[in-house]
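Which chain is which? The protein sequence lines are A and B, in order.
Under our numbering, the letters of the first sequence match residues 56 to 472, in that order.
Under our numbering, the letters of the second sequence match residues 56 to 472, in that order.
Just so you know, not all the hints are guaranteed correct.
Identical chains share a label here; the pair holds if one copy fits it or two copies do between them.
Cut-off 20 Å, straight-line C-alpha distance, at most; resulting in silico cross-link-like pairs (SDA-like, lysine to any residue) [said to hold, decoys possible]: (1) Lys361 to Tyr445; (2) Lys342 to Gly326; (3) Lys59 to Gly92; (4) Lys361 to Pro447; (5) Lys58 to Asp111; (6) Lys336 to Ser393; (7) Lys139 to Gln180; (8) Lys361 to Lys454; (9) Lys290 to Gly92.
Worth flagging that the hints you see were computed from the coordinates, not collected in a lab.
There are 2 protein chains.
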Amino acid sequence: MEKKNAFYAQSGGVTAVINASACGVIETARKHADKIGTVYAGRNGIIGALTEDLIDTALESAADIAALRHTPSGGFGSCRFKLKSLEANKREYERLIEVFKAHNIGYFFYHGGGDSADTCYKVSQLSEAMGYPIQAIHVPKTVDNDLPITDNCPGFGSVAKYIAVSTLEASFDVKSMSKTSTKLFVIEVMGRHAGWIAAAGALVADQGIPVVTLFPEIEFNEEKFIDKVQLMVQKFGYCTVVVSEGCHYPDGRFLAEQGTRDAFGHAQLGGAAPVVANMVKARLGLKFHWAVADYLQRAARHIASKSDVEQAYALGKSAVELAVAGHNSVMPTVVRKSSSPYVWEIGHAPLSQVANVEKFMPRDFISEDGFGITDACREYLYPLIQGEDYPPYENGMPKYVSLENQSVARKLVAFDL
Amino acid sequence: MEKKNAFYAQSGGVTAVINASACGVIETARKHADKIGTVYAGRNGIIGALTEDLIDTALESAADIAALRHTPSGGFGSCRFKLKSLEANKREYERLIEVFKAHNIGYFFYHGGGDSADTCYKVSQLSEAMGYPIQAIHVPKTVDNDLPITDNCPGFGSVAKYIAVSTLEASFDVKSMSKTSTKLFVIEVMGRHAGWIAAAGALVADQGIPVVTLFPEIEFNEEKFIDKVQLMVQKFGYCTVVVSEGCHYPDGRFLAEQGTRDAFGHAQLGGAAPVVANMVKARLGLKFHWAVADYLQRAARHIASKSDVEQAYALGKSAVELAVAGHNSVMPTVVRKSSSPYVWEIGHAPLSQVANVEKFMPRDFISEDGFGITDACREYLYPLIQGEDYPPYENGMPKYVSLENQSVARKLVAFDL
Chain A
56 MEKKNAFYAQ SGGVTAVINA SACGVIETAR KHADKIGTVY AGRNGIIGAL
106 TEDLIDTALE SAADIAALRH TPSGGFGSCR FKLKSLEANK REYERLIEVF
156 KAHNIGYFFY HGGGDSADTC YKVSQLSEAM GYPIQAIHVP KTVDNDLPIT
206 DNCPGFGSVA KYIAVSTLEA SFDVKSMSKT STKLFVIEVM GRHAGWIAAA
256 GALVADQGIP VVTLFPEIEF NEEKFIDKVQ LMVQKFGYCT VVVSEGCHYP
306 DGRFLAEQGT RDAFGHAQLG GAAPVVANMV KARLGLKFHW AVADYLQRAA
356 RHIASKSDVE QAYALGKSAV ELAVAGHNSV MPTVVRKSSS PYVWEIGHAP
406 LSQVANVEKF MPRDFISEDG FGITDACREY LYPLIQGEDY PPYENGMPKY
456 VSLENQSVAR KLVAFDL
Chain B
56 MEKKNAFYAQ SGGVTAVINA SACGVIETAR KHADKIGTVY AGRNGIIGAL
106 TEDLIDTALE SAADIAALRH TPSGGFGSCR FKLKSLEANK REYERLIEVF
156 KAHNIGYFFY HGGGDSADTC YKVSQLSEAM GYPIQAIHVP KTVDNDLPIT
206 DNCPGFGSVA KYIAVSTLEA SFDVKSMSKT STKLFVIEVM GRHAGWIAAA
256 GALVADQGIP VVTLFPEIEF NEEKFIDKVQ LMVQKFGYCT VVVSEGCHYP
306 DGRFLAEQGT RDAFGHAQLG GAAPVVANMV KARLGLKFHW AVADYLQRAA
356 RHIASKSDVE QAYALGKSAV ELAVAGHNSV MPTVVRKSSS PYVWEIGHAP
406 LSQVANVEKF MPRDFISEDG FGITDACREY LYPLIQGEDY PPYENGMPKY
456 VSLENQSVAR KLVAFDL
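So here's chain A without its partners, still in its complex pose (with noise of 0.2 Å):
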């Protein structure tokens, strides 16, 4: 077998440990130097591998490497990019392939959520339909743990933890406060269709905090939701809410959409919170705060969960040593062998078994009324929380790593995106 370099790319929201998978690819790729050659990092995801803009990670330094285990966000940059399909956009398939080829590229990791699944999907088929080999392997990242098959996906399991922790800090608070001032709390919630985040939120009700969930699972009605955080006020005297970006009403409507769109069509959501907060205001009179968490929920590596950090590393190890035992278009899982004590093993799945499906949460793991979860939600979730995985503090502040990003030299013309 000749020895091809790989070219592995970041794409979508970053997360806590998106990182973590890429030093996990990165540090076994050297691992196998006799059958991979150099990893490429596309500078901005997949638009890197486009316009040839390549980095050199073989330049990088063990110790940098290692620290991306730690270091949040996408250590090459990220990107909102889809490719269309191949019938649609003949022209950047073939310059991927271009690109390939002058840079003897032999292996594709292709880290990202549902969206890059697909693109890798496509390009897993490009062997066939181009007749240039390649072999390509998607690394699953998204804190809306809405990939099919995996138990989870990295990055949840952090997001998971901040958000349970973060709600459980702010619900001590108002509960201090509840006697003469603020009784309700707010706190919205990254989601845009699966509720998986909304729930880690919930767990708190197992501390005795009064919670009342959305879930965009569950279609949002005005009256049951006053009538539940009254409820919850009369008998604690203050309520917390965690509301998910997506929840929405019955005919579609968010509860708060800004009118903008992503490059993927997807609507920009941002300000549930404040909509829900004076919603409850109005019908109860409550003195109210409330929080939008946004970025920093999914870019909180200081409160990384030590299973999710485990796992990302351990996905981005298997998808070089899926490649390198010859795998093509396929994506390394997360298995769960048991809840309690949490046993989880690598697995791989087929690429078409996972693009474009998205997972939500069952309807059994939303409570009766609509506002919580059950044991069997519990169940899935504790373990994804499990371990701290604290970062290295220098001077008070957390100890991330700027990698390099040395440029490889261009050896094509110049492409329009």
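Since the structure of chain A is already known, use the hints to place chain B on it.
Positioned in the frame of chain A, the structure of chain B alone reads:
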């Protein structure tokens, strides 16, 4: 000296370390059992004294009191309730004395910010005015860091660390996304009149992050602000904005005012971040994300500063020691002996010099253009975020304590607030 009981109450907004001071007060009082009988805590602050709703802290185990040190929020409940002057509301002061007499209370430990320092000062004058011996000691606490004399206020160091870390993490995130997506990230932080917390966000500039900070001390100028953001985005490809909730126009209007006011007559703020984000979008067309940290920042015990926790505890301890030594009408303070290395000791100041004095950012802590901080500010801030002091975890969640908070039997007739 006759053995007297003590009254302890938490006032105003709670913090990540207010309970660490409570821990210092109660543990130290227990060590002085020859002079101090029981520490009664006011349920929900001073309201607990007025309504004779006292908590018997002697019934709490040593382990639970020790756990206060790592538990955020006010363990006995806080309140927003300001006593008027002795002339304006003699009835309330007379009631306090009645309750103190009924429960043989000779020590009054009041734990809060500027407003409660004023209340504590008034109570300290009761000995003379109302002929009942009471020693009133103020324990400083406020995330706003706006109390005079003390080097800093417990609660601030931890919120500063939270904001510095969160701003760094979110900035890494937006940097990753900036090529094709989000180029502007806005984080709104607390600080009604003083920009100390916003200044902590500005520390990320030391890690190469392009950050523009909006302080309450600097009148907001839209043109200059937009120019600054544009410059940053041209140079770095993205920009982070830290906006204080107290940021306002030259005419005093806040960037975002919700129109409601709290018990002290302060405007309830929130929502400056979306205002700023939309302003930049309208002028520069940048895709944005924004976060409002709200309670998350002041409750974030999971990322508390070790300096802050140690000082909070030491100030609680010192308050009791000052009382035992016969002091009245004082507040223990943090005295900085050196910034590098950070060396501090505990001093104290007369309440007459503390009450109703607000400490703003010195102008020479803010950069000339008004959008950043100076080296003098850095030298001040870094020591306050030094060290991590992680709480214990169980099953993936911090193990915070909820006290029994058993009531002391009432001896007086009810009192209408």
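Hint by hint, here is what the structure shows:
In this assembly of identical chains, the alpha carbons of lysine 361 and tyrosine 445 lie at most 20 Å apart whether taken from the same copy (9 Å) or from different copies (15 Å). For the homomeric pair lysine 342 and glycine 326, the shortest alpha-carbon distances inside one copy (18 Å) and between copies (15 Å) are both at most 20 Å. In the homo-oligomer, the alpha carbons of lysine 59 and glycine 92 lie at most 20 Å apart inside one protomer (6 Å), although the nearest pairing across protomers, at 78 Å, exceeds that limit. Proximity of lysine 361 to proline 447 under the C-alpha cut-off of 20 Å is found in both arrangements, the shortest distances being 14 Å within a copy and 15 Å between copies.
In this homomeric assembly, lysine 58 and aspartate 111 come within 20 Å of each other (Cα to Cα) only inside a single copy, at 17 Å, whereas the closest approach across copies is 74 Å. Within a single copy, lysine 336 and serine 393 get their C-alpha atoms no closer than 44 Å, and across copies no closer than 48 Å, so neither meets the 20 Å cut-off. Proximity of lysine 139 and glutamine 180 under a CA criterion of 20 Å is satisfied intra-copy only: 14 Å inside one chain copy versus 77 Å between copies. Proximity of lysine 361 and lysine 454 under a CA criterion of 20 Å is satisfied in both settings, with 18 Å inside one chain copy and 17 Å between copies.
For a Cα distance limit of 20 Å, the shortest separation of lysine 290 from glycine 92 qualifies neither inside one copy, at 64 Å, nor across copies, at 34 Å.
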